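Letter by letter, the chains look like this.
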Amino acid sequence: MNIRGRLSVATAALVMTVVGLTLVGVYAWVDYRIEHDANGAVAFEMAEIARSIEGLGREDREAELVRRGREQAHGERVFLFESHEQILVGNLPEWPSGLERESSAVDLSWEEPAGGLRVIRHARAATIFFGDDQRLLVGQDLTEERNLQQLLGGAAVSVFGFAVLLAIAGGVAIGRSLLRRVEGMNQTILDILRGSRSERVPVGPGGDEFDELATHFNRLLDDNQKLLAQMRGVTDDIAHDLRTPLARMRTRIESALTAPENEQVSREALHELFGDTNSVLETFNALLRIAQIESGAIREQMEDVDLAAIVEDAVDLYQPLAEEAGIALEGDCAAGLRLRADRHQLAQALLNLIDNAIKYGEGQVHVSAARSADGVTLCVADDGPGIPAADRERALQRFVRLDASRHQSGTGLGLSFVAAVVELHHGELLLEDNDPGLRVRLLFMNQSS
Amino acid sequence: MKILVIEDDETASAYLKKALTESGHVVDDVADGLQGLNRAMGEPYDALIVDRMLPSLDGLSVIETLRKAGREMPVLIVSALGEVDERVRGLRSGGDDYLVKPYAFAELLARLELLVQRRGRAGAPAETRLQVADLEMDLLTRSVKRADKPIELKTREFQLLEFLMRNAGRVVTRTMILESVWDYHFDPQTNVIDVHISRLRQKIDKGFDEALIKTVRGAGYSIRSGA
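Protein sequences appear in the order of chains Y and Z. Per our numbering: the first sequence = residues 217 to 665. Per our numbering: the second sequence = residues 5 to 231.
A portion of the hints provided could be inaccurate.
Calculated cross-link-like contacts (lysine to aspartate or glutamate; reagent style EDC-like; alpha-carbon spacing at most 20 Å) [as the list claims (entries may be wrong)]:
| no. | chain 1 | residue 1 | chain 2 | residue 2 |
| --- | --- | --- | --- | --- |
| 1 | Y | Lys575 | Y | Glu519 |
| 2 | Y | Lys575 | Z | Asp198 |
| 3 | Z | Lys207 | Y | Glu498 |
| 4 | Z | Lys158 | Y | Glu498 |
| 5 | Z | Lys158 | Y | Glu540 |
| 6 | Z | Lys105 | Y | Glu498 |
| 7 | Z | Lys210 | Y | Glu540 |
| 8 | Z | Lys158 | Y | Glu539 |
| 9 | Z | Lys207 | Y | Glu539 |
Label-pair distances were calculated between CB atoms; the ranges are [stated by the list, open to error]:
| no. | chain 1 | residue 1 | chain 2 | residue 2 | range |
| --- | --- | --- | --- | --- | --- |
| 10 | Z | Asp213 | Y | Thr474 | 40 to 48 Å |
| 11 | Y | Thr474 | Z | Lys22 | 25 to 33 Å |
| 12 | Y | Ala544 | Z | Met45 | 37 to 45 Å |
| 13 | Y | Thr474 | Z | Gln206 | 37 to 45 Å |
| 14 | Y | Ser511 | Z | Asp213 | 51 to 59 Å |
| 15 | Z | Met57 | Y | Ser471 | 35 to 43 Å |
| 16 | Z | Lys22 | Y | Glu477 | 22 to 30 Å |
Calculated from the structure, these hints are not laboratory results. Please read all numbers here as calculations on a predicted model, not as lab measurements. Where a beta carbon is used, it is the ideal one built from N, C-alpha and C, also for glycine.
Given these sequences and hints, build the entire structure.
And the structure:
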């Protein structure tokens, strides 16, 4: 059965159960009250009678009961006193059949003529037998109560039937309206699967759970579309960046093949090709590493890292290169500064930044690690041309080298790698104006120092 | 050396076998983890090259089983590009070194020889002196002399020279240098290592007839006397 059917049946069943139980409960309560009150009245009367005839002889008792009967055998009170099966006093037409033993509470029904009609009367009664020949019945007339009870039962059945109809209709209606919302979403998903990726699920004005679901679903779709666009961009970039070295390799192979046979020339060409292949592979490796970090596939090997050591080692590694480039490379770090991090990733990120800074710096590169308000900051600053504020966001994208001529070597993936590592550590990457030059700051929050 | 290659990629395996044989080694190859394990248990090999992903039994399990059985030959793990970087897991399972495909054969050979040599030296008394031709290094006083002339080296320069001299006559790659001197496990950027080597050359080789630190094209560096 589909959800609509199940929902209708479930709703109807629930309503029927609730209404049914309520009605049965009310009926049972009324029944109980009627009997309880009547039993009380009868028992009270019997007790009165028992007290008034206590210790009396047969003659006196008979007289007393007849007196009481005359007084009481009318209205709500049912009274019957027989001797030798002859009614001495009472307002019942005859002794009820089947009532041959003493009883403290019994239901009676009998027919009685009333204005040309015969009506059925009901009562609750108790009996006392005196010896073999005399018997007394005292009761409470319940005709009106029983009639009312019957009426109530009838009404309950009608109400229940009506409630069942209403419940089934309601269940169907609720199911239909819920399903309409779900079907809307289903339709949109099918449309998207068929290719119209810009479709979105309609969001109602109500702000209910379905609207929330639709909003979240739309956000998921937006996110996906953005990722798709990004991926397409990266694919284009890869194609563009790899076409150049591949084309160069092709040219080299071609010229080596067309040149007159010469071992020396061939070997030379092979060496150059080897270098070209390596640079292509390097690009691939860098891309894969970024992708791995971004996807979280590289399991973080977090440890307590001594930032002073990281800065010192990095500066130490690049010092000769910096000197060669005529750049003063300096590093400083407050002692005892620690960060929970993947040492290798963090070191490589810092090295990438230093590498960039030496490439673009004019004469000064400063590397530092410092405690900040709510964490630690790694900073690499140069005095090169810097990055204009408008270009800073673009600079973090893959393959972007802001100098269009690309006269500096490199894959163009350095900053993307840094960004990925910072993301992995839940930090923040800021490109700032060093006036002049570029200052890259890596903020790592809430780290114990 | 007798080397067992456990690698299921036929092209890679054939290329490795050819290149290793040409370098003067005896090579057996199997393409399956269980077979590889059986071979390694049954015959004495000087070294193993094990691929991470193998049919029937993966590379790390092969190594773990070998180690549990007390087989101590050096093992070089190779892993396909794009697989999760599991260097740490690889080394923890008992591998001695970890190389990501595609690798240059020179890199693999250099690492393999380093492993075998290191294993051969294990247990031997620690060396206190290293010597290549007239270049001497005293590891106790941390001093270096060439032709009896003392040479001042900075800490890193000393470590770099020590690494070269411990592997005298063998090729060490830039990646290996970065790993053992700086403890960085990634490909060196641009030419950082080259600049360090040229600094070292300035101090070691400048003014002497023979340059001991040699550049091995397409591979790395080597310190040795003669060609």
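Against the structure, the hints come out as follows:
Only pairs whose Cα atoms come within 20 Å are accepted, and Y/Lys575 paired with Y/Glu519 is rejected, the gap being roughly 31 Å. Distance check on the hinted pair: Y/Lys575 and Z/Asp198 sit about 16 Å apart at the alpha-carbon level, within 20 Å; holds. Under the criterion of a C-alpha separation no larger than 20 Å, the hint pairing Z/Lys207 with Y/Glu498 is inconsistent with the structure, at around 32 Å. Taken as a hint, the Z/Lys158 and Y/Glu498 pair is broken in the structure, with Cα atoms around 31 Å apart against an allowance of 20 Å.
Between the alpha carbons of Z/Lys158 and Y/Glu540 the distance comes to roughly 17 Å, so the proposed pair stays at or under 20 Å and holds. At most 20 Å may separate the alpha-carbon atoms for a hinted pair to count; Z/Lys105 and Y/Glu498 meet this at roughly 12 Å. Annotation: proposed proximity of Z/Lys210 to Y/Glu540 holds, straight-line Cα distance about 18 Å (limit 20 Å). A hinted pair counts as satisfied when its Cα atoms are at most 20 Å apart, and Z/Lys158 with Y/Glu539 qualifies at roughly 16 Å.
Our distance criterion of 20 Å between C-alpha atoms is met by Z/Lys207 and Y/Glu539, whose separation comes to about 16 Å. Range check, Z/Asp213 to Y/Thr474: Cβ separation about 43 Å, and the 40 to 48 Å hint holds. For the pair Y/Thr474 and Z/Lys22, the supplied restraint of 25 to 33 Å holds, since their beta-carbon distance comes to about 29 Å. Against the hinted window of 37 to 45 Å, the Cβ-Cβ separation of Y/Ala544 and Z/Met45 comes to about 59 Å, which falls outside the hint.
Y/Thr474 and Z/Gln206 have their C-beta atoms about 42 Å apart, which keeps the hinted 37 to 45 Å range intact. The given range of 51 to 59 Å is respected by Y/Ser511 and Z/Asp213, whose C-beta atoms sit roughly 55 Å from each other. One distance hint, 35 to 43 Å for the beta-carbon pair Z/Met57 and Y/Ser471, holds here, with the actual separation near 40 Å. Range check, Z/Lys22 to Y/Glu477: Cβ separation about 25 Å, and the 22 to 30 Å hint holds.
In terms of the numbered hints stated before, the structure departs from hints 1, 3, 4, 12, listed from lowest to highest.
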